[in-house]
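> From first to last, the protein sequence lines are chains A and P. Add 18 to a position in the first sequence, counting from 1, and you land on the number used in the numbering used here. Add 5 to a position in the second sequence, counting from 1, and you land on the number used in the numbering used here.
Any given hint could turn out to be false.
In the DSS-like style, the derived pairs of lysine-lysine whose C-alpha atoms are separated by at most 27 Å in a straight line are [stated by the list, open to error]:
| no. | chain 1 | residue 1 | chain 2 | residue 2 |
| --- | --- | --- | --- | --- |
| 1 | A | LYS25 | P | LYS487 |
| 2 | A | LYS164 | A | LYS179 |
| 3 | A | LYS243 | A | LYS164 |
| 4 | A | LYS25 | P | LYS440 |
| 5 | P | LYS12 | P | LYS585 |
| 6 | A | LYS25 | P | LYS19 |
| 7 | A | LYS358 | A | LYS76 |
| 8 | P | LYS19 | P | LYS380 |
| 9 | P | LYS440 | P | LYS315 |
| 10 | P | LYS190 | P | LYS111 |
| 11 | P | LYS282 | P | LYS372 |
| 12 | P | LYS585 | A | LYS25 |
I should point out that these hints are in silico values taken from the structure, not numbers from a laboratory.
The primary structure of each chain is shown beneath.
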Amino acid sequence: MSYQLPKFRHPELPVNDLGYTKADYEGAISTLCAGCGHDSISGAIVRACHELSIEPHKIAKLSGIGCSSKTPTYFLGKSHGFNSVHGRMPSVVTGAALANRDLLYMGVSGDGDTASIGMGQFAHIARRNLNMVYIVMNNGCYGLTKGQDSATADRGSASKKGDPNIYSAIDLCGTALQMGATFVARSFSGDKEQLVPLIKAAISHRGFALIDVISPCVTFNNNSKSTKSYEFVREHSEATGTIDFVPLHKEITTEYQPGHSHEVTMHDGSSIHLYKVDESLNPFDRRSAINAMEEHRYSGNILTGLIYMNLDSRDLHEVLETSHRPLNALDEADLCPGNKMLLNINASLR
Amino acid sequence: MKPTDIKNPEYFHKVVDCQYACPAHTPVPEYIRLIAAERYTDAYMINWQSNVFPGILGRTCDRPCEPACRRVRVEEEPVAICRLKRVAADNKSDITERLPAIPKIKNGKRIALIGAGPASLTVARDLAPLGYSIDIYDNQFAGGGMMRSQIPSFRLPLEVLDEEVGYILNMGINATFGIQVDSLKAILDKQYDAVFVGTGAPRGKGLNLPGLEDAMSNVFLGIDWLSSVAFEHTTTIGKRVLVLGGGNTAMDCCRTSRRMGGEDVRVVVRSPFAEMKASPWEKEDAASEGIPIYNNHVPKEFVVEDGKLKGMRFEKVEARYDEAGKRTLVPTGEDLVFMEADDVLMAIGQENAFPWIERDLGIEFDKWDMPVVNKTTFQSTNERVFFGGDAAFGPENVITAVAHGHQAAVSIDLFCRGEDVRKRPPPHVTLASQKMGVHEWSYDNAVANDQRYAVPHAPLEKTLKDRKVEVELGFDISTGYKEAERCLNCDVQTVFDELRCIECDACVDICPTDCITFTMNGAEQELRTRLEAPAGNLAQDLYVSAELPTMRVMVKDENVCLHCGLCAERCPTTAWDMQKFLYNVRKAGE
Ligand SMILES: Cc1cc2nc3c(=O)[nH]c(=O)nc-3n(C[C@H](O)[C@H](O)[C@H](O)COP(=O)(O)OP(=O)(O)OC[C@H]3O[C@@H](n4cnc5c(N)ncnc54)[C@H](O)[C@@H]3O)c2cc1C
Ligand SMILES: Cc1ncc(C[n+]2csc(CCOP(=O)(O)OP(=O)(O)O)c2C)c(N)n1
Ligand code: SF4
Ligand code: SF4
Ligand code: SF4
Ligand SMILES: [Mg+2]
């Protein structure tokens, strides 16, 4: 009996610009159910961070409560982490991000954690455009508490032991768009080809980047009447197009066919290439994005890929005009300008 | 690629790297697990079935299995497979009850075996239990061939040799020792149903250098000298000894010299140190006994004064390589180097010699004067005469001789029953799930991170005094257990069932060595470029499934799979299962 990860890795694992292999971005061995979609998303996060050569100590991973929120233990074992309270990850990230703007904030949540108890926090963090990646591992149920329907379960969908759901579903991408999110994408745990570049783009985006990842719960919600099963999602998903992420300073090696692909330069200088499949969607136009989502919902399909991105996004720090140096790096002299300055300020207000 | 045919026994056989590399295809991981379970006698018998001499080989085998061990592809050192075999031999209980019964009533077929080395003894072991009457002829005073005459006792104690040779000679074999066969015709005339030639490669090669004639009384051929030591005709050697040659015979010569009175013993070899033929461990052992190795020295002449050997002169050379990697030794132009010597041992190679085989018996000989022998059946061009061991294709080693012996026995049995010797019997194979529970397997699937354990040696003060004191002490039970745990159980196969797979990627994500990929199919060369991790080891196969519902296939690169079973533990649908694959080469009459 094992349940421990062997130390050995593939001897020729590629190293990134920092000299690290993918193994340096792994975490502890997962204790989730065998086949849980969440583990694949963890794998995609490991791959994206490795390929982007992000220094592990420059990342903070934060989560709420749920199977999904447990996953930060299983990736980025050398990064900072905070497993917070149910539905409250957004406020903890907000505090952390304000104190130290230099870290990459990777929020991980579940559909229960986000769309039920955490709905209020989610709405506001999207609206404030906090600079973070917000990944929802969306399985349409409360996995950790044994599979009750969550608020993202589709009307009529039934979990393994449950009756068809009688309520209408919350669409987190739609909600985020309404709330003013500046990067919105949807993907599927079983499609790393799509998910990894989306995570990279979300990391490069400055502002709030939501990726709603459908992630089947093999134990409670992967049955034939569920719309969040591996089989259903594979059959009903329609990609907006494919996306290729090219980090800053990396040579573009793929040949892009003019006309079909769209190159976008991101805030940090990296670029993404979109090959649109669905011509009706313009992911840089919010109205078009909202329409496309509605269309797909109507036809019973799941729209995946990059749905919306605002290239002029201004994140919370820019809006608040906060100090460029992280607050935690400011000392007393910086924070307390002295009596003379105070008198000046007071005088200006008289 | 086409879906892998796992029904073909050779597919999974190849995954068991050590067993595949073993000429006799000993089921290595199976016996290693038995050692870990302290079932030494069972472990011994598995070996005995395959390689006949577990105690001997556990000390002396050339171990082609070890460089093949999967472990060297993920870390530095292979499992100490060979020395674990010795653990089984050292700790077993009496095995006589387990030896095959020898029928009282014979089958009426008479076989002659010429030479009593490992090749002939293996033929005897396989045929005697089937009722064959077997006559062995050998020119030494006891059985074992070069295992007795050449391999020094400090590597292979006589008791171990006698015990394992005895198991066979006690099978009602009629062995005649001390007899030189000088005519194959005479043997054939005795109306044997088949004759097996296992006479080895008994002739040592020499160097005819200036001064040799005068130095003759102090210059010996290595293998002749070693057998004369083994048979106690020689009991001393001079204080200063030069051993010429860089193979294992040279190593045995120099180490034996150190025990026979040699104080300044040197090995002098033409090639660079790294290219010497001797196994690395033999070189280490010689070094630890204070024997320097002078490389890049080509022997030029014997120096004799007053009719007495004084030493030798050598030319210093340097190895140069052309574009094709071919080596030439180019003199450096320095003065010849003189080394003093009382005695010189020439250990530069061995060859076959068949002066006793008449050339009109229907046995064809090739341009190197070697018999033409079929590589699979070991039959010569005279259908009644079979060859094996060093006699067949030149000097190799004990385990190769054993492997030849098994196959020759199969052929002899087929031949005597009037069947086609080319129709080889397929191996015995079984494949059985090891699943006991969600995280439980009937093998210990946790991968031990331990580095290879070293076998302890007896102190030099003791071993250099007496050539019969064994140098290696063998693993004790607890170290043996720890070393056994390093085995990755490569025979417990990852077996994939595409009908069950839901393509959740769990196996891909958990696999510590990135063996598994789900992707579109393609030609092998191209497919190898699209896998999760580099797949450049073309000697290792790709396991490819039939097409899955997403039109992709599962591709597993067997190269660095740790057989940890995590893929199967993480698979929600048991599409992966860990199944033990037992492969046994079929022996005569099975
Ligand atoms: C110095 C030295 C050290 C070695 N060390 C090792 C080692 O550590 N490990 C290893 O695996 N291998 C080792 N080998 C090689 C190994 O001993 C041989 O490859 C192996 O013994 C070959 O077996 P065989 O049955 O073919 O013949 P042999 O073992 O050579 O046996 C042939 C027998 O036939 C007899 N014979 C020959 N001609 C006649 C005749 N005309 N009439 C009657 N009898 C005859 C010989 O005297 C001998 O007894 C070593 C070899 C040498 C020279
Ligand atoms: C304040 C609070 N309320 C309720 C719970 C019980 N609880 C634990 S996890 C969970 C739902 C988790 O669902 P989701 O976020 O979708 O995660 P999943 O397990 O499905 O990945 C609930 C309701 C809790 N831990 N804390
Ligand atoms: S209960 Fe569901 S969500 Fe939780 S680990 Fe198991 S499969 Fe994943
Ligand atoms: S047994 Fe499975 S998980 Fe383990 S190394 Fe092999 S393929 Fe990977
Ligand atoms: S874990 Fe099992 S079901 Fe999932 S992809 Fe691997 S083999 Fe298929
Ligand atoms: Mg959930």
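> Look at each hint and say if it fits the structure.
Do the hints match the structure? See the list:
1. A:LYS25 <-> P:LYS487: Distance ~17 Å between LYS25 of chain A and LYS487 of chain P Cα, so the pair holds.
2. A:LYS164 <-> A:LYS179: Distance of about 10 Å is within 27 Å: holds.
3. A:LYS243 <-> A:LYS164: holds (17 Å)
4. A:LYS25 <-> P:LYS440: holds (23 Å)
5. P:LYS12 <-> P:LYS585: holds (14 Å)
6. A:LYS25 <-> P:LYS19: Holds, at roughly 25 Å.
7. A:LYS358 <-> A:LYS76: Given that 27 Å is the threshold and the Cα spacing comes to 38 Å, the pair is violated.
8. P:LYS19 <-> P:LYS380: Roughly 20 Å between the alpha carbons, so the hint for LYS19 of chain P and LYS380 of chain P holds.
9. P:LYS440 <-> P:LYS315: Between LYS440 of chain P and LYS315 of chain P the Cα gap is close to 71 Å, so the pair fails against 27 Å, i.e. violated.
10. P:LYS190 <-> P:LYS111: holds (25 Å)
11. P:LYS282 <-> P:LYS372: Holds, because 25 Å separates the two Cα atoms, which is no more than 27 Å.
12. P:LYS585 <-> A:LYS25: holds (23 Å)
In this structure, the earlier hints numbered 7 and 9 are contradicted, and the remaining ones agree with it.
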